[in-house]
Amino acid sequence: MKKVLILLFIFMTGFLTSSFLTAGSLEKIYVSPSEIILKEEGVFFLESDTIIPVSQIGYDEEGLYVCPEIS
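With the working numbering applied, the sequence shown covers 1 to 71.
Incorrect hints may appear among the rest.
[Claimed, not checked] Derived EDC-like pairs (lysine to aspartate or glutamate); straight-line CA-CA distance at most 16 Å:
{"no.": "1", "residue 1": "K28", "residue 2": "E47"}
{"no.": "2", "residue 1": "K2", "residue 2": "E35"}
{"no.": "3", "residue 1": "K3", "residue 2": "E27"}
{"no.": "4", "residue 1": "K2", "residue 2": "D60"}
{"no.": "5", "residue 1": "K28", "residue 2": "E61"}
{"no.": "6", "residue 1": "K39", "residue 2": "E61"}
{"no.": "7", "residue 1": "K28", "residue 2": "D60"}
[As the list claims (entries may be wrong)] Okay, the calculated beta carbon distance ranges per label pair:
{"no.": "8", "residue 1": "I70", "residue 2": "M1", "range": "15 to 25 Å"}
{"no.": "9", "residue 1": "E40", "residue 2": "E61", "range": "29 to 39 Å"}
{"no.": "10", "residue 1": "M1", "residue 2": "S32", "range": "30 to 40 Å"}
{"no.": "11", "residue 1": "K39", "residue 2": "M1", "range": "13 to 23 Å"}
{"no.": "12", "residue 1": "E41", "residue 2": "L5", "range": "10 to 20 Å"}
{"no.": "13", "residue 1": "E40", "residue 2": "M1", "range": "14 to 24 Å"}
{"no.": "14", "residue 1": "D60", "residue 2": "S34", "range": "27 to 37 Å"}
{"no.": "15", "residue 1": "L8", "residue 2": "Y30", "range": "30 to 40 Å"}
Simulated from the structure, these hints should not be mistaken for lab results. Since the model is a prediction, treat every value here as computed from it, not as a measurement. Where a beta carbon is used, it is the ideal one built from N, C-alpha and C, also for glycine.
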């Protein structure tokens, strides 16, 4: 059930934010759903034992992607 909710969240977020993305404006990092971490503080993804905050999640013809927060 948790995986279904995560995937639903990912698809809805991607649908809502896809109109705001333009080519090359944000760095897209393609990930698997198991690399996404949902916490009270926000959405994160795991990359090489490092937890990185996410500004947007989306899905396109190449797969699931995240856009890391720019600090």
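The hints, checked one at a time:
{"no.": "1", "hint": "K28 <-> E47", "in the structure": "holds, 13 Å"}
{"no.": "2", "hint": "K2 <-> E35", "in the structure": "holds, 14 Å"}
{"no.": "3", "hint": "K3 <-> E27", "in the structure": "violated, 25 Å"}
{"no.": "4", "hint": "K2 <-> D60", "in the structure": "violated, 22 Å"}
{"no.": "5", "hint": "K28 <-> E61", "in the structure": "holds, 13 Å"}
{"no.": "6", "hint": "K39 <-> E61", "in the structure": "violated, 27 Å"}
{"no.": "7", "hint": "K28 <-> D60", "in the structure": "holds, 11 Å"}
{"no.": "8", "hint": "I70 <-> M1: 15 to 25 Å", "in the structure": "violated, 33 Å"}
{"no.": "9", "hint": "E40 <-> E61: 29 to 39 Å", "in the structure": "holds, 32 Å"}
{"no.": "10", "hint": "M1 <-> S32: 30 to 40 Å", "in the structure": "violated, 19 Å"}
{"no.": "11", "hint": "K39 <-> M1: 13 to 23 Å", "in the structure": "holds, 18 Å"}
{"no.": "12", "hint": "E41 <-> L5: 10 to 20 Å", "in the structure": "holds, 18 Å"}
{"no.": "13", "hint": "E40 <-> M1: 14 to 24 Å", "in the structure": "holds, 19 Å"}
{"no.": "14", "hint": "D60 <-> S34: 27 to 37 Å", "in the structure": "violated, 19 Å"}
{"no.": "15", "hint": "L8 <-> Y30: 30 to 40 Å", "in the structure": "violated, 19 Å"}
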